[in-house]
Amino acid sequence: MNGVHDMGGMHGLGPIQYEKDEPVFHSPWEARAFALNMATRAARKWNIDAGRHEIELIPAADYLRMSYYEKWTARLEKLLVKSESVTQDEIVSGQPAPGSPKATPAVTADQVPRLLRTGALASRNIQVEQRFQIGQRVRARNINPTGHTRLPRYARGKLGSIHLHHGVYVFPDTNAQFLGENPQHVYSVRFAARELWGHQASPRDAVYIDMWDDYLEPA
Amino acid sequence: MSEHDHHHGHQAVPSDPTLRVKALESLLVEKGLVDPAALDALIDTYEHKVGPRNGARVVARAWVDPAYKRRLLADATSAIAELGYGGAQGEHVLALENTPQVHNLVVCTLCSCYPWSVLGLPPAWYKSAPYRSRAVIDPRGVLREFGLEIAEDVEVRVWDSTAELRYLVLPERPAGTEKMTEDQLASLVTRDAMVGVAKVKPA
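From first to last, the protein sequence lines are chains W and X.
Per our numbering, residue 1 is the first one in the first sequence, and the count goes up by one each step.
Per our numbering, residue 1 is the first one in the second sequence, and the count goes up by one each step.
The set of hints was computed from the structure by calculation and includes no laboratory data.
Remember, predicted model here, so these are calculated numbers, not experimental data.
Treat the hints with care, as some may be off.
Stated by the list, open to error - Simulated pairs of lysine-lysine, PhoX-like, Cα-Cα distance not exceeding 20 Å:
no., chain 1, residue 1, chain 2, residue 2
1, X, Lys-31, W, Lys-102
2, W, Lys-78, X, Lys-31
3, W, Lys-78, X, Lys-22
4, X, Lys-201, W, Lys-20
5, W, Lys-82, W, Lys-20
6, X, Lys-69, X, Lys-199
7, X, Lys-201, X, Lys-179
8, W, Lys-78, W, Lys-45
9, X, Lys-69, W, Lys-20
10, W, Lys-20, X, Lys-127
11, X, Lys-179, X, Lys-69
12, X, Lys-31, W, Lys-82
13, W, Lys-45, X, Lys-31
14, W, Lys-82, W, Lys-45
15, W, Lys-82, W, Lys-102
Chain W extracted, bound-state conformation (with noise of 0.2 Å):
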């Protein structure tokens, strides 16, 4: 979806602020909302892409007001409410409905190093056609869902070459919506600064973008 979490390249989003020393969390909330997305996500009742998803749902302006743990905490509010984990009246009252069943946990503490340490492979080791070649001049496709993509707004349309071929992964696109896996091929696609941005960026630089075959067509 065209939405403002899709920033590249945006003027105007005022100066980066740099914090010295940083605590990996700025106060307690954020370290119990961080480990409850964690937490939740072990149940597999969604994806990672539909986890990013949720968050580029949030209005414009919430977005763009909101922290990021607050945007975390939403997020993981509805995604809750969506799997059917909870009712949106147990996230308002704070206490399960009278009667509802008590599930188990997906994570102990005992499993979060095993949890942690494993992660959660988006590579697919199986065989689907690969549409390009490492060195091959490609082009963005213009292409505009309303729903997930991991195609840039600013490269789309744009020329670029086949920089390196990472393997078969996960299609967010369609992972994000539960429309299955389809995995595919994804490469590092070098793009010009200047292909990009035109004669105010630097001759020299480049910007590399992953992509999927599906974003990409050839030049």
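Model the placement of chain X on the given structure of chain W, informed by the hints.
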């Protein structure tokens, strides 16, 4: 609560984040969906165990061991695993070597992708709209704000983390560190240098 509020329930959730998160945690614990001790363990991991010291050890090893550096540049995920790091948000890592001719800078314009296994959780500026919007269109201006002037004849490569690949910058080893041990070298390596917004300075 009025019926009106009931139908627009999300607006009735406390706006104070402390209360809101506390209420959510309490609900999820009551429903058996999370174990509070697991939350403690998750937080402890990223506050105390997984952070940029991991990446600094990888960089220092690459500086002192040419064979390790070759493995890191060829297959960073495996080379990083040799030092015991990997897992969540480090499942697929690429190392980007800075040289006198090339300076690499990492961003995630669409969200906040970052190599947790070697750098821990990202700092606020990395996740912020100003950095995400400008790193791709004006990397030299962004680097200048970080106090880093990149010469015109150096190529700046910006890596937008749009897929599940995570990027670790291998900074240049500073001059005058030839006699330093691997541990001493690791202590010089900063998070910012491994994102590409700084160079490593000699002690």
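- [ ] Please flag the earlier hints that this structure goes against, numbers listed from lowest up.
- [x] Those not satisfied are hints 5, 9.
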